[in-house]
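Protein chains in written order, with the numbering used here: chain A, 1044 to 1930; chain B, 351 to 459.
These aren't lab readings, by the way, just hints derived from the structure by calculation.
Incorrect hints may have been included.
Computed far set for chain A versus chain B, every beta-carbon distance over 10 Å [to be verified]: (1) 1078; (2) 1102; (3) 1106; (4) 1184; (5) 1233; (6) 1363; (7) 1367; (8) 1396; (9) 1433; (10) 1453; (11) 1647; (12) 1673.
Facing chain A, according to a computed beta carbon distance under 7 Å, are these residues of chain B, among others [stated by the list, open to error]: (13) 377; (14) 400; (15) 445.
We put the beta carbon where it would ideally sit given N, CA and C, even for glycine.
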Amino acid sequence: MRWIQQMRMRFQMLFHRGTAAARLDDELQDHLERQVTENLAAGMNAEDARYAALRTFGNPALLREQARATWSWTWAESLVSDVRYCIRTLLRTPGFAAIAILVMALGIGANVALFTVVRSVLLNPLPYRDSDQLVSLYEHEARLADFTNYLPVDVGSFTEWQKAAQGVAQMAMLSPWQSYNVSSEGGKLPERIDASWCSWNLFSTLGVSPALGRSFNASDDQPNAEATVILSAQFWARRYDSDPAIVGKKIWLDAKPYTVIGVLPTSFVYEGAFSGNTMQAWTPINHEAPPEVLHTFSDHELMVVARLLPGTSLASLVSQLNALQSHIKATHPGPSVHDGVSGRTMLDDVVHDYKTPLYALLAATGCVLLISCMNVASLLVARSAARKKELAIRVALGGGRMRLVRERLIESSLLSIAGGCLGLLFAAGALQWLIHSRSEMNRIEAIRFDGVVAIFAGGTILLCALFAGLVSAFSSSGKNVLASLHESSRAHSAGRTRATLRRTFLVLEVGLTVVLLVGAGLLLKSYRHLRSTDIGVPIDNVLTMHFSLPEARYKEPAQQVAFFESVIARVRALPGVQAAGLVSTAPGQGWGGDQAMSVVEHPPLAKGQNMSLMVRGAEPGYFAAIQIPLLRGRIFKSDERLDRAHVAVISQAAAQRYFPGEDPVGKHLKVAMTGEVFEVLGVVGDTRWYVSQPPNPTLYWPIYGNDYSHAAIVVRSLRNVEALSLPVQKIIGSLDADLPVSDVMTLRQSIGKATVDSQFDSLLVLAFAAIALILAAAGLYGVLAYLVTQRTSEIGIRIALGARRVQVMRKVLFDGLNPALIGLLFGLAASAAVVRLIRSMLYETEPLDVAVFATVAAILLLVAAMACVLPAWRASRLDPIQALRTE
Amino acid sequence: MGKPNDLVQGTLDLLILKTLRPDAMHGWAIAKRIQQLSGDVLQVQQGSLYPALHRLEQQGWIKARWAESETGRQAKFYSLTPGGLSQLEKETANWNRLSEAINLIVSEA
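Could you build the full structure based on these sequences and the hints that come with them?
The structure is reproduced here in structure tokens:
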């Protein structure tokens, strides 16, 4: 029963502490008075009676404290009083508190934000059932290994893989590069949507079931089945107002009726490389894809998702399929049949491109946090140095050492917690901004705070508090109270040890800053290279937009050509249009397809050799409009169309690679897949298909014919080309009101889109480096200013004895620059070791770029010198009489 | 004499518990009682009773009640709890063992 009694006491001491204190006073007072009364009764006079009573009783104040010390919650009481005391001292120096909190907030906020991104994007499992069993499979080709190990798959190989992997893995395919024109209906405008073909078992493989209706089944996924479609929740909500009766209704895609059989859950996103998160509709591949795609080994249109069944590993599956694929290559020795298989976990597949940049950014924020911690610790040390005398007196008067250490810790915890809370606000803002500005990033929608992030934030705050607090407590542990009391009366080399500690911090801070600066420098240089890359044509004032003719309405090639011709004729007639043309894929706007070919006049290619050209359909005026120069021969004419369209123009890279030392004009190229033969008419300049990729051998054939149903309109103007986008769209609308226009953008914008990663990474790292530089400079200034104050008398004596002011200034400057120099050397060495980790983020920039390293060194020295000059100048202006009098 | 520390460790607790055994008492009475029973040999500094009383109360060996004292003023009366009673028995047994052992050694010499 004793514990009941104890609980009762705990309760009482917690909630009736004031009453208990008053009663204790009463109790003691009562005792004393009884003694006094007794003494008076014994015949003493009033004063003696009182003194005698006090003598037998003891010191009431001390006894009261001792009695109170036995109460429970005493620790909490003293903690509260310490916290209150610390808040008061911090409020007395609001500038210091604000700076320290801000510095902590920057460090903690940046870390929490980046950690949240890394966790949500790189570490959290994908939103599918047992997602660690999901893998992405690709084909692999040794000769392309420099470019990528992960090539899309053809339906022929997929079918073989699926058969072979029965009992080992469940396999599904999808082709996420598709799109449909949604016809205008019920007053809604026509629009073009991104879509994906998929095998019927894709959703069951992922472990996702539709929120409404049903998933595909095998009978939907047949060439002669009824057309069916599954909609994304977003598209269903946007275009069909979340109509619950949509299932079973028909919608018109590419002017053909499709029955909606299901709607996916809102939470569903297809996470995959190339996904871009934009798919609005899903259709069964065997129904949608042309028959030649369904049986070929050389048209690579697919992504493959596999769910490993228990007992299978990714490695064993890949090696099994690898053997199968070399067998396929042996039986189908076509030039664009690939000979190997590669795979990675689906998560890796989605986030692979972001891994290095995100970890690099996390490392950068880690550096910023370390620097902030050291800076705050350094500030606290300086502060406790300034309060040295007070602390020494407290120790001398019997203040417990633990109590003093605890006070330091409470002080740093207060700063750290306040900084952390502010930092969390920063982080939330930064994440909002990130989600807003980088919406094209894979898995960006998965970013959110969760328990682990909260633990991480708490841990970071705690670590900062402990680090800063312990450092300052340790450095002011008042071991020699007497010395401190002495020292404060006459100081020459006062606080040397403390300054040593702070100098060590400075070396580290400067070192880390240098690493960040070097990283930022390299990324910026790389970004500048990327931005100034020549894609082969002038990019200013060029507008592009895409449209695609539905097969159902434009069945005959002649109809398509007629439409193309009337569009481009009207666009050219628009006032303000300098030149215009049609092309299947404009420069810098993507791969756009390739074909394996051979030269008719050449001997057959040796086994294992391969000739592949990127293919574009172009309209004769396109080359002049986009300003691709003609180098040899001629460009095809407008009447070389339809059945006369077997003519082509090749790029310079194609001429050099496949016609070395000869004239390609007049030669013939045979397309491997169709067997059609094209005559080469001329050679034109190279263009890049993606800004950071070198020009690829390219072939242009007439877009009038050659089975083109989609095209990009390219418009060049002298100025303000964006103003033309509406008139051009109106022209298309006037020709076919059902035809949507997509991807309206200038060439400059499409280049900007391709370089946004590089811009983002370099600007963020630059921002972190700038913060680090400011913190390091502030630290440098702080330490030096502190040293100068501490050495006022010494400098005064030196000047009084005849030291010249220049000498004094030089000495102080050297004192300050010394740690900066050591830190710079450390930092440069560390950078040299670290930069190779970000090699994959650099474009045409060597990790050990001398110019960047030299610039960083120069900037750092300049900033360090600026931070040191003021204290040094102040030291040299010291009035010796004044300095000596302050003693 | 003077500080309670000078007494054998824990003795003050034992004395208080023993004193409270028959009756509830306030601080002053406890001090007087100890003085009186020990024949004025043990002159505990009176004030040092109070930290000990408060500690015993926190530990649940004794409990306190405010009531009118013989002088007509409110005073805090301490009394043993059941736990305190068994604690007293335990400490008494301990004390007996200890003092017997010391007696043995001292009389041997």
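Legend entry - Indices of hints not satisfied (ascending): 1, 2, 3, 15
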